[in-house]
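Participant: Line by line, the protein sequences give chains A and B.
Note that my numbering has the first sequence beginning at 1, numbered continuously upward.
Note that my numbering has the second sequence beginning at 1, numbered continuously upward.
To be clear, the hints were calculated from the coordinates, so they are not data collected in a lab.
Note that the Cβ used here is the ideal one computed from N, Cα and C, for glycine as well.
Be careful, since some hints might not be right.
[To be verified] Dumping the calculated DSS-like pairs for lysine-lysine here, alpha-carbon to alpha-carbon at most 30 Å:
# : chain 1 : residue 1 : chain 2 : residue 2
1 : B       : K95       : A       : K67
2 : A       : K64       : B       : K79
3 : A       : K65       : B       : K9
4 : B       : K27       : B       : K95
5 : B       : K8        : A       : K67
[Unchecked claim] Just so you have them, the derived chain A footprint on chain B, three or more residues with Cβ under 8 Å:
# : region
6 : 8-18
7 : 68-79
[To be verified] Beyond 12 Å from chain B on every Cβ pair, some chain A residues (computed):
#  : residue
8  : L20
9  : E33
10 : T47
11 : K59
12 : K74
13 : T78
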Amino acid sequence: MKELDPILHSRLRLAIMSLLITHDEVTFPFVVEKTEASRGNVSVQITNLEEAGYLDVTKSFEDKKPKTTLTITKKGETAMEAYTKALKEYLNL
Amino acid sequence: MEYGNFDKKEALNVIEEMVNSSRYKMKAEAKYFLLWGWMVFAAAIIHFFLVIAEVNNSWIIWPVLMGLAFIIYLFMVNKTKREGGSSTYIDRVNKYLWLGFFGPLLVTILSGVFISWAAAYPFFMAIYGWSAIVSGGLLKFKPLVNGGIVSCILGVATIFVPGMYILLMLALAIFAGFIIPGHALNNVES
């Protein structure tokens, strides 16, 4: 049986990627609100996912306020597909 | 939510929980249908009674109420944007549907001004109906699709309706296509 991707097999990273797979884009506060995790923890995990090439981070300004936007990459989509497929195999779904 | 080690069953729950929390908020769409629906309805009915009362330039009610609706609409969009933080595929398609709606709407208004209002009104109803059908299909919300179909049928019927009664047909079409589905959308659970 195929091993589960260790980058995705973490509750917070998986939660972030699950949000991204259902959205075109999300903002940093949106991720914090939905995951109910601390801003620091979310920030660290976003950096890990970005370094793995699973998501893109765009920093911009809106109404003179900094805005961080996250989008899933093609590599991230493929990884999530493989992860959910492997998960279903493990759970015999 | 706890963020320690977790097993495979929990992993599935995390995915499910996040996907469910991101479900499209259909209720958020209701306010736009109700705003435009009631404004167009009011303009059509007021225009009808102004015509009966033989008031000069009774058409002025349209730019007044539509201008007011547009200002309120901009406030609503701005507020939603501030409260937002995410954008789904449905958001994007819906946005371009309604942006695209202004093209045929403008052509119909200009046709009314320069050719004939009697010929333009059925097109208004067809455009409203078409937008409601597409939006209803996207949201998987049957009352909106049905309302759009009724609006299109009323558009066809209006071709055979004489004079000022066309305004009542328009009011009826917007009531069926926007107002009834708008209130129904407002009452949905998610």
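Participant: Next, verify each hint and record whether it holds.
Facilitator: Verification of the hints:
1. B/K95 with A/K67: holds (21 Å)
2. A/K64 with B/K79: With a Cα-Cα distance of about 16 Å, the restraint between A/K64 and B/K79 holds, given a limit of 30 Å.
3. A/K65 with B/K9: violated (40 Å)
4. B/K27 with B/K95: Roughly 16 Å separates the two Cα atoms, so the pair holds.
5. B/K8 with A/K67: violated (34 Å)
6. 8-18: With 9 residues in contact (Cβ-Cβ under 8 Å with chain A), the coverage given for the region 8-18 of chain B holds.
7. 68-79: violated (count 0)
8. L20: At roughly 9 Å from the nearest Cβ of chain B, A/L20 sits no farther out than 12 Å, so the non-interface label is violated.
9. E33: violated (7 Å)
10. T47: holds (16 Å)
11. K59: Non-interface label on A/K59 holds, nearest chain B Cβ at 15 Å vs cutoff 12 Å.
12. K74: holds (16 Å)
13. T78: Nearest chain B Cβ is 16 Å from A/T78, so the label holds.
When the structure is compared with the earlier hints, violations turn up for hints 3, 5, 7, 8, 9 and for no others.
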